[in-house]
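Assemble the whole structure, with the sequences as input and the hints as a guide.
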Amino acid sequence: MIEIKPERFLALLGFCFFAAWHLGAQTLINGAGSTFDYPAFTKWFEIYRGVDSNVSFNYQSIGSGAGQKLLLNQTVDFGASDAPMSVETMSTAPAPIIQLPIVAGGVAIIYNLPGDPRLKLDGPTLAAIFLGEITSWNDPKIAALNPGLNLPDVSIIPIHRADGSGTSYIFTDYLSTISPEWKQTVGKGSSVHWPSGIGLAAKGSEGVAGQVKQLPGGIAYAELAYADQSKIPFASIQNPSGQYVLPSPASVSAALATAAIPDDFRFSIVNSPGREAYPISGASWVLVYKAARNPGSGTPLASFLKWAITRGQTNCASLDYAPLPETVQQREIKILDTVN
Amino acid sequence: MQEPSPMNDPAPRPAALSQPLPRWGDGIFKWLTLAFALSIFGLLFLIGYELVQGARPTLAKFGWHFLVSTDWDPVNDVYGALTFIYGTVVSSAIALVIAVPISIGTAVYLTELAPQWLRQPLTMFIELLAAVPSVILGLWGIFVMVPFCRDHFFHFLHERLGFLPLFKGPVYGVSMLAGGMIVAIMIIPIITSVSREILRSVPGLQREAAYALGATRWEVTTIAVLGQARKGLFGAVILGLGRALGETMAVTMVIGNTPQIAKSLLAPGYTLASVIANEFNEATGTLYPSALFAIGLVLLGITLLVNILAQGLLRTLSGPATNPRH
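From first to last, the protein sequence lines stand for chains A and B.
The first sequence begins at 170 in the numbering used here and counts up one residue at a time.
The second sequence begins at 686 in the numbering used here and counts up one residue at a time.
FYI, nobody ran anything at the bench for these hints, they're computed from the structure.
A portion of the hints provided could be inaccurate.
[Unchecked claim] DMTMM-like cross-link-like pairs, simulated, lysine to aspartate or glutamate; straight-line CA separation at most 20 Å:
no., chain 1, residue 1, chain 2, residue 2
1, A, Lys352, B, Asp762
2, A, Lys400, A, Glu375
3, A, Lys352, B, Asp758
4, A, Lys238, B, Glu735
5, A, Lys238, A, Glu257
[Said to hold, decoys possible] In silico negatives: residues of chain B with every beta carbon more than 12 Å from chain A:
no., residue
6, Pro707
7, Trp709
8, Ala722
9, Ile732
10, Val737
11, Gln738
12, Val774
13, Ile783
14, Leu911
15, Leu994
16, Leu1002
Just so it is clear, CB atoms sit at the ideal spot from N, CA and C, and this is done for glycine as well.
In structure tokens, the structure reads:
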């Protein structure tokens, strides 16, 4: 038996009390939701410790749907979702909820073709590919968009996400906006009923990128950061102004700046009209109760969010997120002033 | 102070031991273990109850039609489980076809034929294979096994046997066959190690008697050993099947996740466990998550059904139950 001297024991006990008291003085804020936002939150939490060391955060990246559910159950203080919460779902909440765009990002169209040509595509062609109407890379419709490229007679293999994801939501939102046929037969959602017998599905962005790398003729969509890191070529997409635009933080910000954003922030920035706007862009929302359900967490949470949508935006550009435009930031600050 | 040595100074027996104690311990132990045993029933009941509760909206809306419908459309809230049931059953069947001969062959070699110095290392490697986490095996599947099989095996099947509907259609690599193969790799260790235990428990006398009758090694192995162990081996296969039905992560990564009933084994498919793993996180609304609960209920039902059928079949087989793990 190890002997502990009484004075040492008391010192240890004192230390434990001190540590517990010190931790107790901290406000712990819990959040859950979108995996798309997770890298941004992680980075923000780390930097924000230098801004206000009395607040600590815990974010579970369990998916947008689960994030919405946990907020409605009041398990977490904030939720994050890649699609805005619908009017219908919000009506089931026990208290008023506000939702604000917090980050934005682009969805890149990645492909695997011999020689890695720089491909140009437009919405109707993309919809036709994923509907299985265009089946070969040397189809005249693709050739017409890419004069000068010698496209091979290789079957197109469309690959989509098998797991429910915000990336699928943005992509199908875009196709539904562009193609009435897509809207009719498939629709938009974080998982949809993909046209049967066409292509295949892979789990997660890493799975999709892996399949595209391995399958000659493969085409898929993935978050810009993923396409960038995996060094897979991605296409420039024609926007409503007729310009072919590559996805980048700047072109996604341009889409945000020119999109019409209503006061309830229930909007979509796909096919945004700006000249420099990348058409397959989307935002991600953070959801909080107007009056915090967990007493004492409202004000620090609002301060953090204000920081995140202003100063924080510059911190996450290196992660391939697009910064929110100044006008949007100002509108969100005004709303956050009412949170307590 | 010097302690008295027990040798020189035999102490009298402690009074406590010589007097009869009230036997609380035995009673408590009995009830405690009974409670543990009953908790298994409790757990199973709770799981079933929660699944039924969760699945209620779907069952109310679609009823039995849920089992025979091939629609799966979260946008329009229409759900059916048939494509997933098909995928689970077919991928497990492929896995068994591949794994059973390999596993039982390995077990026979290990107990009957292998030289002593080889037995221990081989057994160790088989158990190591069982310890590989499912997700690692899946990653290996997607980056190594699938490309290799696509270029060297699936294309060959498609070219030579493409006239059969089983091997028609484009070759993507990820497919029902790839899913079955990865599950086979996962269930080989369990079937092998259980079979090995069973074959080892066949009495040596049995073998000696067969040899004494002039049987060849082949006859000894097939008649005296495998014949005797039939029932236990069947149990080992059922254990493997149970694992195959529920296997999730590795399958999800290589099966292609496309809800369709394709005749071709080279076409992508989807399993019950995979669709839950893939879609539960982002399922919103009421009907969509409940449809996934219903899928879970179907999976539980299939597993129970397989086990009950297996128990029934096991009764019809003769021979002692030489299944040490059950």
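Hints, verified against the model:
1. A/Lys352 x B/Asp762: The given pair, whose Cα atoms are some 15 Å apart, holds under the 20 Å limit.
2. A/Lys400 x A/Glu375: holds (12 Å)
3. A/Lys352 x B/Asp758: Cα-Cα ~13 Å, so holds.
4. A/Lys238 x B/Glu735: Distance ~18 Å between A/Lys238 and B/Glu735 Cα, so the pair holds.
5. A/Lys238 x A/Glu257: Given that 20 Å is the threshold and the Cα spacing comes to 13 Å, the pair holds.
6. Pro707: Nearest chain A Cβ is 31 Å from B/Pro707, so the label holds.
7. Trp709: Fine: 29 Å to the nearest Cβ keeps B/Trp709 off the interface.
8. Ala722: holds (34 Å)
9. Ile732: holds (20 Å)
10. Val737: Per Cβ check, B/Val737 is outside 12 Å of chain A; nearest 20 Å; holds.
11. Gln738: holds (16 Å)
12. Val774: Label holds. Min Cβ-Cβ 19 Å, cutoff 12 Å.
13. Ile783: Non-interface label stands for B/Ile783: nearest chain A Cβ at 22 Å, farther than 12 Å.
14. Leu911: holds (40 Å)
15. Leu994: holds (31 Å)
16. Leu1002: holds (40 Å)
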